[in-house]
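Here the structure of chain D is known, so what remains is to put chain W in place on it, guided by the hints.
Protein chains: 2
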Amino acid sequence: MHNYKELQSLFETNLEKEIAATNSRQPKYLYEPVAYTLQTGGKRIRPVLLLMAYELYDSKFEKAMPAAFAIEMFHNFTLLHDDIMDDANLRRNNPTVHVKYSNNTAILSGDAMSILSYEYLNSTESKNYREIFDIFTKTALKICEGQQFDMDFENQKEVTVDEYLKMIGMKTAVLIAASLKIGALTANASRQEADLLYDFGYNLGMAFQLRDDYLDSFGNTSSFGKKIGGDIIANKKTYLMLKALELANNNLKEQLNSFMENPPANRDEKITKVLSIYEQLDVARLTSDKMEEYYQKALLCWENLNVLNNQKQELLLIANKMMNRTN
Amino acid sequence: MHNYKELQSLFETNLEKEIAATNSRQPKYLYEPVAYTLQTGGKRIRPVLLLMAYELYDSKFEKAMPAAFAIEMFHNFTLLHDDIMDDANLRRNNPTVHVKYSNNTAILSGDAMSILSYEYLNSTESKNYREIFDIFTKTALKICEGQQFDMDFENQKEVTVDEYLKMIGMKTAVLIAASLKIGALTANASRQEADLLYDFGYNLGMAFQLRDDYLDSFGNTSSFGKKIGGDIIANKKTYLMLKALELANNNLKEQLNSFMENPPANRDEKITKVLSIYEQLDVARLTSDKMEEYYQKALLCWENLNVLNNQKQELLLIANKMMNRTN
Numbered sequence: 001m002h003n004y005k006e007l008q009s010l011f012e013t014n015l016e017k018e019i020a021a022t023n024s025r026q027p028k029y030l031y032e033p034v035a036y037t038l039q040t041g042g043k044r045i046r047p048v049l050l051l052m053a054y055e056l057y058d059s060k061f062e063k064a065m066p067a068a069f070a071i072e073m074f075h076n077f078t079l080l081h082d083d084i085m086d087d088a089n090l091r092r093n094n095p096t097v098h099v100k101y102s103n104n105t106a107i108l109s110g111d112a113m114s115i116l117s118y119e120y121l122n123s124t125e126s127k128n129y130r131e132i133f134d135i136f137t138k139t140a141l142k143i144c145e146g147q148q149f150d151m152d153f154e155n156q157k158e159v160t161v162d163e164y165l166k167m168i169g170m171k172t173a174v175l176i177a178a179s180l181k182i183g184a185l186t187a188n189a190s191r192q193e194a195d196l197l198y199d200f201g202y203n204l205g206m207a208f209q210l211r212d213d214y215l216d217s218f219g220n221t222s223s224f225g226k227k228i229g230g231d232i233i234a235n236k237k238t239y240l241m242l243k244a245l246e247l248a249n250n251n252l253k254e255q256l257n258s259f260m261e262n263p264p265a266n267r268d269e270k271i272t273k274v275l276s277i278y279e280q281l282d283v284a285r286l287t288s289d290k291m292e293e294y295y296q297k298a299l300l301c302w303e304n305l306n307v308l309n310n311q312k313q314e315l316l317l318i319a320n321k322m323m324n325r326t327n
Numbered sequence: 001m002h003n004y005k006e007l008q009s010l011f012e013t014n015l016e017k018e019i020a021a022t023n024s025r026q027p028k029y030l031y032e033p034v035a036y037t038l039q040t041g042g043k044r045i046r047p048v049l050l051l052m053a054y055e056l057y058d059s060k061f062e063k064a065m066p067a068a069f070a071i072e073m074f075h076n077f078t079l080l081h082d083d084i085m086d087d088a089n090l091r092r093n094n095p096t097v098h099v100k101y102s103n104n105t106a107i108l109s110g111d112a113m114s115i116l117s118y119e120y121l122n123s124t125e126s127k128n129y130r131e132i133f134d135i136f137t138k139t140a141l142k143i144c145e146g147q148q149f150d151m152d153f154e155n156q157k158e159v160t161v162d163e164y165l166k167m168i169g170m171k172t173a174v175l176i177a178a179s180l181k182i183g184a185l186t187a188n189a190s191r192q193e194a195d196l197l198y199d200f201g202y203n204l205g206m207a208f209q210l211r212d213d214y215l216d217s218f219g220n221t222s223s224f225g226k227k228i229g230g231d232i233i234a235n236k237k238t239y240l241m242l243k244a245l246e247l248a249n250n251n252l253k254e255q256l257n258s259f260m261e262n263p264p265a266n267r268d269e270k271i272t273k274v275l276s277i278y279e280q281l282d283v284a285r286l287t288s289d290k291m292e293e294y295y296q297k298a299l300l301c302w303e304n305l306n307v308l309n310n311q312k313q314e315l316l317l318i319a320n321k322m323m324n325r326t327n
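Line order of the protein sequences matches chains D and W.
Its first residue numbered 1, the first sequence is counted upward by one per residue in the numbering used here.
Its first residue numbered 1, the second sequence is counted upward by one per residue in the numbering used here.
Extracted from the complex, chain D is given alone in its bound form (with noise of 0.2 Å):
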């Protein structure tokens, strides 16, 4: 049983050999391309957590590490694709990849990298193997849907926060949900311990995304990296915003709609404004206590795995690191 360090690093190390071995394949600007956007990193946290569901029910995780690729591959496509759509030009402070190559090349290199990615799922020993197939493939397509559901709340006048939970679902948490399931599946885990490690990973992944929402307003500037109120800046429709005009009076609620539409020249003065708003509506806490309840349902399936209790402490671990939990 290895920690969460060591998972990654054991998967960093194979996934440089995968990197210089892409890298020198032909033809050089499709999988250059693929390379330099594998290579920027990331926290790796599904493979890592693919590796450690694998972990729980077999030793040989080596038997794993081409669903981890292909995981990290998948994922690192749709950031890619992301990219072009949402014409950003940094990634983890690197000029992506549009912008360093070209749009036509970042298209045609994403395509080969979804495509890459069912080449490393094809590699993967087990006898789910097709059921192993099916999520993967299940959970690519609610991923599209999620980034074109996203894509569509920008024009949409009106949003619930139902219809944002159902979105940040298939955008964010249904991978971390998969990566978990796949990683039991291969090591021919039960079929009801794989659901309950997709559930944990759901439920983990909505309190992850909800945390993001909730650190843009909320966070420490020095520990969240980045500055504060950058989503009330390019009036993303968040889980603190929808739940703000859920709950807001007729006034108030002109008042976030005018911020949105007419913003006041300084840009300080609308964060200011709106996060003065959430302060007198209490959606601070609503959306803590919205993370708290993903979470905590995320902590029952864990208790429910059928695995002892100091082999599936890692998970807890990881849990809470994404968490940012010291409990």
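Hints were generated in silico from the structure; no laboratory data involved.
Take these hints with a grain of salt, some might be off.
[As the list claims (entries may be wrong)] In silico lysine-lysine, DSS-like type, Cα no more than 30 Å apart, as pairs:
#, chain 1, residue 1, chain 2, residue 2
1, W, Lys43, W, Lys297
2, W, Lys227, W, Lys5
3, W, Lys142, D, Lys138
4, D, Lys100, W, Lys236
5, D, Lys321, D, Lys17
6, W, Lys227, D, Lys142
All values reported here derive from a predicted model rather than from experimental measurement.
Chain W only, in chain D's frame:
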């Protein structure tokens, strides 16, 4: 044993239901463009070849329908993304998806189509399931590689005839080859038969693409359906142009290069002058010889198929139809 027309009609009938089901999936702006792309038609050559290969070894052609959908979906996905990359406005006389909707919609709906093709493949029942996945994924990746080589060639000063043949092999021939092989594998045909069908399809695909190049310069406008010389105007490095550059003496080579770099203001003048050089160098005959060479190779594979002659006759007819041969 159905003939081409019957299989085409069976496929269309089944595809219509799939299109209707796709069109009712949510979110609308993810799935509507998928349905739009599929219903604009085309000749359905690949899925019909797949069904025909299946029927050589098993009569229950319905079992091959999901794989036929997968191939058609993937083919249309590549066209959709290629159209963004080529900035094409029309496809089969309809506005392309990125024109009718938007670039972002075209990127994301294309991504979904690539995954939807795996969804169809997932529902294929065959003991050769893993091999089918493997050949499908390898083929998908080769098509991306072919598209990248094609884009590279636009900016590459020297392209050899061999490089060009390799590129069209990846971009066009492998999908025709894989369609046939997957049809055979779905019907549990032997590896040897499946490989013969692959080679048959590959060589047929090569001949088919060379015929396309040939017709663009030497076709009959009324039966070809589009204006002669489009490739010449667009400076496309086709087999004809590359063969001409290979054979040309310094003087003719300079002329060809100058037509590409500083084309005459009059469109027809450029076409006439390039065609006259093609004539001097016997490019039409050389192209049609190469086409015939591939066709004969395909024929040899067909002859070696371990299937009764009257059973495999339809496959030869479809090959002849693709080459517009009457024999």
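Checked hints:
1. At roughly 24 Å between alpha-carbon atoms, Lys43 of chain W and Lys297 of chain W fall within 30 Å of each other, so this suggested pair holds.
2. Proposed proximity of Lys227 of chain W and Lys5 of chain W is supported: the alpha carbons are some 28 Å apart, at most 30 Å.
3. Distance check on the hinted pair: Lys142 of chain W and Lys138 of chain D sit about 24 Å apart at the alpha-carbon level, within 30 Å; holds.
4. Taking the CA atoms of Lys100 of chain D and Lys236 of chain W, the gap is near 27 Å; set against the 30 Å cutoff, the hint holds.
5. At most 30 Å may separate the alpha-carbon atoms for a hinted pair to count; Lys321 of chain D and Lys17 of chain D meet this at roughly 28 Å.
6. For the hint pairing Lys227 of chain W with Lys142 of chain D, the CA-to-CA distance comes to about 43 Å; that exceeds 30 Å, so the pair is violated.
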